[in-house]
Amino acid sequence: MFAASILIQQIVYGLVIGSSYVLMAAGFSLIWGIMGVLNLAHGEFYMLGAYIAYYASSLLGFNPIMSAIVALVAMFFFGIVFERALLSPLYGRKGWEMSTVLITVGASILIQNLALVIFGEKYKGLPMYFEGELEIWKIVLSYDRLVVFLVGISLIALLWYLLKYTRVGMAMRAVSQNQEGAYLTGINVQKIFYLAFGLSAAFAAAGGALLAPIYFVYPTVGAGPLLMAFAIVIFGGFGSVKGAIVAGFLLGVFESLVVLMVSSAWKDVFVFILVIIVLTVRPRGLFGIQ
Amino acid sequence: MYLLSADGLNCGYGHSQVLWDISFHVEEGGIVGIIGSNGAGKTTLLRTLSGLVPAQSGKIEFSGERIEQLSPHKIVERGLSQIPEGGGIFPYMTVLENLKLGAFLPWNWKRISQNLDHVFQLFPGLEDRKSQMAGTLSGGERQMLGIGKGLMSAPKLLLIDEPSSGLAPKLVLRVFDNIKEIQKHNVTILLIEQNVQYCLNMASRAYVLENGRIVLEGTSDELIGHEHVRKAYLGI
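Those sequence lines, one after another, are chains A and B. Numbering-wise (this note's numbering), the first sequence opens with residue 4 and increments by one. Numbering-wise (this note's numbering), the second sequence opens with residue 19 and increments by one.
You may find that some hints are simply not true.
As the list claims (entries may be wrong) - Listed next, with one range per pair, are the computed distances between beta-carbon atoms: (1) E138/A with S149/B: 38 to 48 Å; (2) L89/A with H33/B: 25 to 35 Å; (3) K174/B with L63/A: 46 to 56 Å; (4) Q150/B with K245/A: 16 to 26 Å.
To be clear, the hints were calculated from the coordinates, so they are not data collected in a lab. All C-beta atoms in this analysis are idealised placements derived from N, C-alpha and C, irrespective of residue type, glycine included.
Start from the sequences and build out the full structure, keeping to the hints where you can.
Spelled out as structure tokens, the structure:
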């Protein structure tokens, strides 16, 4: 078998990737919970975040932390425009839930192809920014990955704080639990919709931006993370941000261990076998409602 | 001038009309009742007043301003709060979080602790359960939480939909005691009830809603003595 240090190393890698998955899945789940919208263009927010980080770093020389923040802020506004322009005209119309699925699929294809035209089909990679690596008890972690992990964790904590303690965050949870009650409480539900959508796009973009220095960036790079977000949200429970956080880290580690013990080609297969098992045994996921 | 008045209100959902030519008023400071049996249109009326359902025609005036075109949050901002049947609470949040959200409007948010003290004084039971999930409360406690949450918005007028619904008779009395207590604190109340006896005991005036129309109005004493009310609602 493997030395304990390799095993632990791989778990740590899993947590690093997991933090990006959590950023991706938390917003995906949030939007489902609040708006009842299954946003299939969520992967493109990730992709755009990664490109923003790539150009911020390669053209402007920003460090990965700054790049991630730029991507986060830019995509917050992009998300708001996206929701207002494409989704808000549909609410309340007959069959609007299905319409939002179709329109987000359409937007996903459009954004991917625009990215292909504008950024080109070549895989883009960034050189290491923080050189060197940290070594504790034979576990080696490059500073780049460490930064990704720390920024990821901080952003997750920020999202948690926003939702748990701020006035707007509490209103978001209120809308997801009882929309009519939220209206009667004086909450401007439409405003909560676009703010939540902006937040969700921002955090997906941060997830993409953080992994840009580690992996390659290309126009369809968001497809994998979207699929993973699906798995995480099913595993953690639809609509639950807490579930997305726990499940994101768990699946990140699980995937890493599959890569170590089987092969990287099999990781999606194993992840989805796990999801199918969860759906059979506990259909509502870890923290899902009912 | 009345605090709330409706004039020639027609309401419904899409092509189906539920309420016809509704006119009524609520003067400041009292409790006014609207009674009627199941399906008479009571809840639709409240939903229209709160802006959840757009009025088809007619006007609603609150504090001298027309409100029938406003969205629900704008109506709450003007001081008209509604406690829907079941309390309108958020089940996966704690009692305290629910109460805080009641003070969502910016000017109330700043005075949260004052308003909380006030609500906890009225409902000591809520303070004991403040870190409990609202969804795990009993029916009576939910109703109290709903009222407490409504009070956190410091309303001028509180619309209360069927506070007695689903409660044991003993609890109903307690909820109504609470409502009387609130009225003493300068909150005007429009009470919608199926339970005619209780409602007429509480309210100074009331309207009788039948099949989407107001068929009777008067002081509670007049209505209690009215032959139609006695026959149809009080079973005397």
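How the hints compare with the structure:
1. Taken as a hint, the range 38 to 48 Å holds for the pair E138/A and S149/B, whose Cβ atoms sit roughly 44 Å apart.
2. In this structure the supplied range 25 to 35 Å holds for L89/A paired with H33/B, their Cβ-Cβ distance being about 29 Å.
3. In this structure, K174/B and L63/A meet the distance hint of 46 to 56 Å, their C-beta atoms being roughly 54 Å apart.
4. Distance hint check: the CB atoms of Q150/B and K245/A are about 18 Å apart, consistent with the given range 16 to 26 Å.
In summary, this structure violates none of the numbered hints.
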